[in-house]
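Undergrad: Place chain B on chain A using the hints.
So the sequences go chain by chain: A and B.
First residue of the first sequence: 1, per the numbering used here; consecutive thereafter.
First residue of the second sequence: 1, per the numbering used here; consecutive thereafter.
It should be emphasised that the hints constitute simulated quantities derived from the structure, not laboratory data.
For every residue, glycine included, the Cβ atom is placed at its ideal position computed from N, Cα and C.
Derived coverage of chain A by chain B (criterion: at least 3 residues anywhere in the stretch with Cβ under 8 Å from a Cβ of chain B; other residues may be distant):
1) 33-47
2) 263-275
If you anchor each label on the Cβ, the simulated ranges turn out as follows:
3) A:190 / B:201: 54 to 62 Å
4) B:256 / A:56: 17 to 25 Å
5) B:30 / A:59: 45 to 53 Å
6) A:118 / B:271: 24 to 32 Å
7) A:254 / B:271: 44 to 52 Å
8) A:177 / B:301: 33 to 41 Å
9) B:169 / A:80: 23 to 31 Å
10) B:200 / A:199: 55 to 63 Å
11) A:259 / B:271: 39 to 47 Å
12) A:55 / B:143: 41 to 49 Å
13) B:144 / A:88: 25 to 33 Å
14) B:143 / A:20: 20 to 28 Å
15) B:301 / A:232: 33 to 41 Å
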Amino acid sequence: MAVVETIPGGASRRPAFIRLGGRILTVIGVAIFVSAATFFLLRVSRDPVDVVGAARGADISNPAVRATLAAELGTDRPLFVQYFDWLGNAAQGDLGVSYLRPDQEVADTIIRALPVNLELVVVSQLIALLIGIPMGLAAGARAGARLDRVLSGIASGFVSAPGFVVAIGLITLFAVRLPWFPVTASGYVGFFEDPWTNLQQILLPSLALALPMVGVYTRVLRSDVADTLQEDFILMARSKGVSTRRVLLAHALRPSSLSLIPLVALQCGALLGGSILVEQLFAFPFGLGTSLSAAAISVDIPVLLGVSTTIAVLFALVTLAADAVARSVDPRIDG
Amino acid sequence: MGDQRSLGPVGWFAALWLGLVLVAAVAGPWLPLPDSNSQGMCTTKQPKPQLGSDGQPVVRDGRILLIAQPGCDFQRAANDKTAALPSGDHLLGNDQIGRDLLSRLVAGARTTVVIAFGSMIVALVVGGAIGMTSAFVGGRIDAFITALSAGTIAIPGIVLAISMVAALGRNTFAVWLALAVTGTPIIALVTRTQTSSLVRREYVTAAQMVGARPSRVLLREIAPNVAPFCLVFFGLGVAGAIGAEGGLAVIGLSVQPPQTSWGAIIAGGRPLIQIAPHISLIPAAVMFLTIWSVTRLADFFGARLRVRQSLL
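So here's chain B without its partners, still in its complex pose:
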């Protein structure tokens, strides 16, 4: 895919977007935005009428029927055309109960970034340690850990995550833990494969022969060479975790109000998709761009790494 030595314009765009999301997640509360939970005036574009089974607008009492919503009154917004237009106050419009969508997205970025990066950092540390030790120790322990990891991966991760969140409650901690647990065996397997290709290398044998303790060999000789590979999979894991959190939120199994996440905003706008498609569409696009950016960057560093490894 193009030149693999430099990021290129597409790569820079990905890096820029990811930076923007991270800044929004960190600096969110201090940004000059309306409160993400205040239900302001509805400034959504004019809603569309509710369609009947024959595809024609449903007319009742001589008025075209619009789906009534709590809070932000889309019915009134449609009749009162001044309130129905997007304005400079709400760059991306409002959600189903009149909250500023941009503020919601920034608040959601915080949840999503904390959960996705947080869970994968745990998966990276725990899975990396397990995988490295497993390959280093070898024998039955290695076979057992490999079988256990492979067995866990054999279950669709979302199924495992759903059960965990159902058990632990719908909060940041439960989602974070569920994604960390589903991510750990993947990182463990990748690290194990990578480590086992290194343990027979000359420099590792040399270190062992001069009498270095196993912990020193692992940390000083093997870890630095395994870490870059793990980082690539960390990136892919973060991309997966953003999608997984969104998926859990779509089925109502992520953080609960007043906290929000991108997936929760998508799910909230879904019933109104005929009247106000932007509520779901904008967070979906934001989520897609973010996952794409992370994947793109991970792919890029992975490709560079292979080039470097082949030179070794």
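This is chain A alone, in the form it adopts within the complex:
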């Protein structure tokens, strides 16, 4: 993202707190960029008075009615003033109220939705890594062999499948043909209320999100492991009589995990996006995606703005965390 500067020798590395400060500034930058883009895009093309007026059944052709409504919503002020007003409030955790349900704070909607998305991201990442790492290791261990070709073929199939397409297949197989799982998650209960029911509801959506990632992880790990196995230290380990299993797990997987960590973080962003669609297909009663798609259809600008910015900030934070982890694992990373 930022311009990478490599300083030879690493002696003049910038202190950690300055680096961290820069990263936090990046997150703030992303928040401002996304919120400003969303705000001006929506507000220039849509007048909130039309949206709210139509929803309330007000006579929006009457200029007087429009003026009162605009004053009530605060949209009679200049756009820039409104945006900085929103930004100032957002910095204090106040994201405004929904246009269509004025009793609903946007921040509350997001806080209610977050556990669903957090659970989807964590469970699907776990599934993806649990399937993807063994697949990648097995394929990379004997690159070019029959097993590698089969596993690589499966992986490239998974990569092509968008989560919602996988979801349709999974629902048909494991909820309709074999009635093992519920067809929808419309009766979603939190994990801490009823773990068993919760896991039943969350498993198919998570699997739908995980399978495309399995493809990505398998492919990356496969080529990485295949490359690493050509290195001299592997030959050294083998000639010392280290077993194949140990060579793979202890010598080949460790260096390969360096490329896997940033990838896992990157996939979290794709997951947040993908979970929007999977939430919709599984009819989750709440969730960031459920809120976002409902708000997009009804042009509920405060909700759209709040949720979009939240997703972008979450993604930026995940990237930041992954960067920190990658740094602590590999001290060679500089800058």
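TA: For chain B alone, coordinates are given in the frame of chain A:
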């Protein structure tokens, strides 16, 4: 992944399928198919009963309850077994209101292909031009464009696309523009990286030394060597755009009736998945095959390109 010099049977299958989809998209209106919007007789397989919370069929008034649907009456179709069977008239059956599913798929192919290819062509031209110029000019402008592109990519594309469609309305143009805008920075970055590896090459310096104008150097010396790489990413972009359009359609943010797209057909069949899973399953399979084919072909040409580049 196998021999990289020839397409192989799998590659040919991918090419064939993609060709089929393109033909369907172009020739759709002239194909001998039932009208994609006429609500004919329902010929779906016998529906399954609605299940209660205990997993048993819900019985009301001594009859097993089936989910009633507008138009195509699945309840009647179930009772009248002759109408419930698939027939030669409807090869893939009907959708939830009795429209021929094959006709719907062909009509949807048109929307999907127009949006996916159309948006990526714009992304390719605009992003390619931006990326090439950026790397060629260098300095602050380059740093700014790179940061802007990278910043845009840092936002999940679907979030950006959702806001754009919400702002511009649910129509082909809005979806097309939203996908073009989300695709452009990716192509720009790829082109920039590729170009910056070329600007210091001898033949570029040679052209500059004989006094060629910058525009000529860009178009005649650099562009021909960057274009193949951009085409590979164009292919991957098309695959992504097909999925993205489908995703937008699933949340009701793509084209509106009477127009349809694969994603819209999937979403339309979703509430009926217990009675008539084919309505969602067939377009999902079609969409998967198409995305897989495009990715496969792009991967193949990418691999061939790397071989050729390494020889340069």
